[in-house]
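Trainee: Read off the chains here:
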Amino acid sequence: MDSLYNFLISKKSENLAFSSTIRENAIETYKKLPLPVKKQEDWKYSDLSNLFDIEYNEVANNFETNLFKIESKNKLVFINGCLKSELSNFNNKDIEIIPISENAVATNLSIEYINKSNNLDNKFSALNTAFANNGVIIKFKKNNALSEPLVIEYINNSKVATFENTKNIIIAEEGSVSEVIEIHSNKDLCMLTSNIVTNIFVNENASIDYTILQTEKECVKINSHYVHQYKNSKFTAHTFQLDGNLIRNNLIINHENTHCETSLNGIFFPIANQHFDNFTIVNHTNEHCTTNENYRGLANDSGVGIFTGKIFVAKGAQKTLAQQSNKNIVLSNKAKIHSKPQLEIYADDVSCSHGSTTGQIDKDALFYCQSRGISKQDALKLLINAFLVTNIRLIKHKEIATFVEEKINLKLA
Amino acid sequence: MIQIKNLHASINGKEILKGLNLEIKPGEIHAIMGPNGSGKSTLSAVIAGREDYEVTAGEIIFNGKNIIEMSPEDRACEGIFLAFQYPIEIPGVSITNFMKTALENKAKYLNQEPLSAGDFLKKMKEKKQLVELDDSLSKRSVNEGFSGGEKKRNEIFQMAMLEPKLSILDETDSGLDIDALRIVANGVNKLKSPQNSAIVITHYQRLLDYIVPDFVHILYKGKIVKSGTKELALELEAKGYDWIKAEIDA
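Going down the list, the sequences are from chains A and B.
Residue 663, in the working numbering, is where the first sequence stops; the numbers in between run on with no holes.
Residue 563, in the working numbering, is where the second sequence stops; the numbers in between run on with no holes.
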């Protein structure tokens, strides 16, 4: 029946992240939660129920080089979901890193962080809470600006079907300024399904600029980020789904106090049979918070791209400013884009807007370029780059911006 | 320069051009006039290679090559330029980037070295002055938020940059005030040479006061029904199209 659960329960795991009470509760909850099938609203466009029927095996974690690298003194490398400390390094002055384990969670985290990190909102997060045994707790030190970004590399190369639960907890202490770059990039075919949950706490006056760069071959990935923002904090996410097989990104933002600022910037571009799903929720529960969400999608061949964006504005969240936009271009007759923008507002003194468009490339503009001698291929690149330019301009690192642009141009060719 | 023989073209199964003949020699300016729906814009789109139109018969010989099967970009690189009646807005693409890409494509097609960055900018500056195009416009997106006059001047500016052998001005005068009209016409006249030709499509004789044509043709029901010199345009202005229609339909 549930071969995934059987695999995980039979696997000998050390250093589990949470205490037995939390884990047992997570297992009970997991059993009660529905499978992610089309009938479930949150999984309407991504039926992942087949992931529970695969025969999984354990895997050795050998190192292999990845496709895209960013040089930094602060680096964490995960191979097939496991942290490789020999490949990782970081500057103690800026960051404190503690491997996650029952002990670490118990001794190093306050009860509030633990309560907010044992996620149980769907079958994947419950599995992660029950079985996560890889990962770290990362602390960005108080009132300190990180000199170099923290790069988290996820490299997968498993040649057997396997399933890994990775859990990272990032705590940006008061007044800290930091940048995190998550890179998912493996060169070769890989049969790992990774279920990564990252809990991010952005404390008072702290800010994090967080990039998720996904460019890998044949991977199944459920990548969830639960973000908790406190007073005057700032959280910016840039998500780029450029390659992979089946990707589901959950990005859940909670405003725990007033004057939080959230920016969500995203580009997704499935081609061939790629299936890229973006699921975002921003919970405005406090006054004077701002959200700016901008996702742009492209789809070619038989690719499927999905954007779901929910913004909840609770009754007390007056003076909320929330803007959400999702624009898509479908480049072939078989490609699909599903866009579901949602605003749910219970406060009466707010300014909120949302919009979504999905269309084809503007034929008049294409002809206009061609009539000036620009080849159809170059004209297409010119128009697509223009379509994405506002999202790309938000990227801090020039090398990432260049990589994203080049990757997109390569996929257009 | 260009010979159009027995050209038949249709869109969505509807025939618009019904056996059009036209020959233009180097250095000549031909005006094409005609009532609404006679096929003027179709003719310009078909010469430029717009794929929505299907050429069902006839040929277009441009400098010795039949261009019917050629892509729009190859035709442009061969030296055909279409100034659009309604220039297209391209948000996010600056005029500088647009022209740079166009010139690079053209150089590649002709197996030439592309201009150096310095020479390119020099040329941009020079050609902008020709049509009195504001310097700040070139940093803005192509035609986005431009006034009617700015859009048309931008068309002539692009023409100057691309240095075509045959320019087709599709109702470039529509939507222009007298001053803008003078600037646009001035630009066209300055680009005139014994090697270059132009087709000027217009509704009004007014433009032909500024751009003096060697020949005037009247297009009606997809064919050229009358040709003459610039006096024909004056006659049309005075008498309208009814007498032509009566003559042909009779």
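Think of the hints as simulated: they come from the structure by calculation, not from any bench.
If you're wondering where the values come from, they're calculated on a predicted model, not measured in any experiment.
Incorrect hints may appear among the rest.
Unchecked claim - Over 12 Å on every C-beta distance to chain A, these chain B residues come out as not near it, computed from the model:
#1 E328
#2 A358
#3 R363
#4 I374
#5 E391
#6 G405
#7 V406
#8 K419
#9 M472
#10 Y523
#11 D555
What the hints assert, rightly or not - Short, incomplete list of chain B residues facing chain A, as computed with Cβ under 8 Å:
#12 C390
#13 L395
#14 I401
We put the CB at the ideal spot given by N, CA and C, even for glycine.
Trainee: Does each hint fit the structure? Answer for all of them.
Mentor: Each hint tested on the structure:
no.: 1; hint: E328; result: holds, 21 Å
no.: 2; hint: A358; result: violated, 9 Å
no.: 3; hint: R363; result: violated, 6 Å
no.: 4; hint: I374; result: holds, 20 Å
no.: 5; hint: E391; result: violated, 9 Å
no.: 6; hint: G405; result: violated, 3 Å
no.: 7; hint: V406; result: violated, 5 Å
no.: 8; hint: K419; result: violated, 4 Å
no.: 9; hint: M472; result: violated, 10 Å
no.: 10; hint: Y523; result: holds, 24 Å
no.: 11; hint: D555; result: holds, 34 Å
no.: 12; hint: C390; result: holds, 5 Å
no.: 13; hint: L395; result: holds, 5 Å
no.: 14; hint: I401; result: holds, 4 Å
Figure legend: structure checked against the earlier numbered hints; hints not met, in rising order: 2, 3, 5, 6, 7, 8 and 9.
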